[in-house]
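From first to last, the protein sequence lines are chains A and B.
Letter by letter, the first sequence follows residues -10 to 133 of the numbering used here.
Letter by letter, the second sequence follows residues -14 to 105 of the numbering used here.
Do not take every clue at face value.
Below are the DSS-like pairs computed for lysine-lysine, each with C-alpha atoms no more than 25 Å apart in a straight line [what the hints assert, rightly or not]:
#	chain 1	residue 1	chain 2	residue 2
1	B	Lys12	A	Lys(-7)
2	A	Lys94	B	Lys100
3	A	Lys40	B	Lys(-8)
4	A	Lys7	B	Lys12
5	B	Lys68	A	Lys40
No lab work stands behind these hints, which were simulated from the structure alone.
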Amino acid sequence: MTAKEYQSASDKAIPHSKSYRNIPMAFLVGGLLCVLGQAVMNLCLYYGMEKDIASACASMSLIILSAVLTGCNIYDNIAQHAGAGTLVPITGFANSMVSPAMEFKTEGYVLGLGAKMFSIAGPVLVYGVSASVIYGLILFIFGR
Amino acid sequence: MLMEYLKAFLVGGIICAIGQVLIDYTKLTPARILVSFVVAGVILGGLGLYQPLLDFGGAGASVPLTGFGALLAKGVREAVAEKGFFGIFSGGLTASAAGVAMAIFTSLVTALISKPKDKS
């Protein structure tokens, strides 16, 4: 079976997901995670932090929350219902690192935990950072 | 104050709903969606289109991964203005360093102390 045949066979096997339920759920859960981030951000601003730092602290708090929930095997249960609502926020990025790191710990601490941690986060960094370098090159060449 | 939370909820919710539409109606896998959102964030940030969203939605725009992309772009823009050629390469990761380091370290600690769910 070639990769293409497998893809079309697996497409047929996947039941049609229920968009009328999925999309509002993603909206709700994603929105709530952002509200939580906003609450942390406001707290940081209240204590006199700069806006950039307050915003980073909000993201960092959500990363910790996601790691704890993933470590307790709770995050994946929420993600089953929330779909993109738990994937697209920074919590989804953290989950994509913690989850394989936990799972592949048995394959060793370097090539298991350490390497598999980046199975999704790696590509995100590769393309994100590369896009930003291209943007920087454009700015450098044409921006002055 | 309440309005601020409502805006964060709306903006964040809509960005996540777009992700869900992509999952449901295209063949994009979750990994590809994460990559696309970050790259989209870099492009929107580079074009100056993401800043208004950040001003309006606050954490609603910064928490989704598009915000991560926009942060990379912002870091590069500021670093190029300040340091020139060197900034092209230093800006992105410098701006996002705290989040990336936090994600790496918490992932390591969590993976070390927790046990994966028994799949049997």
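Original post:
Against the structure shown, which of the earlier numbered hints fail to hold, in ascending order?
Top reply: none
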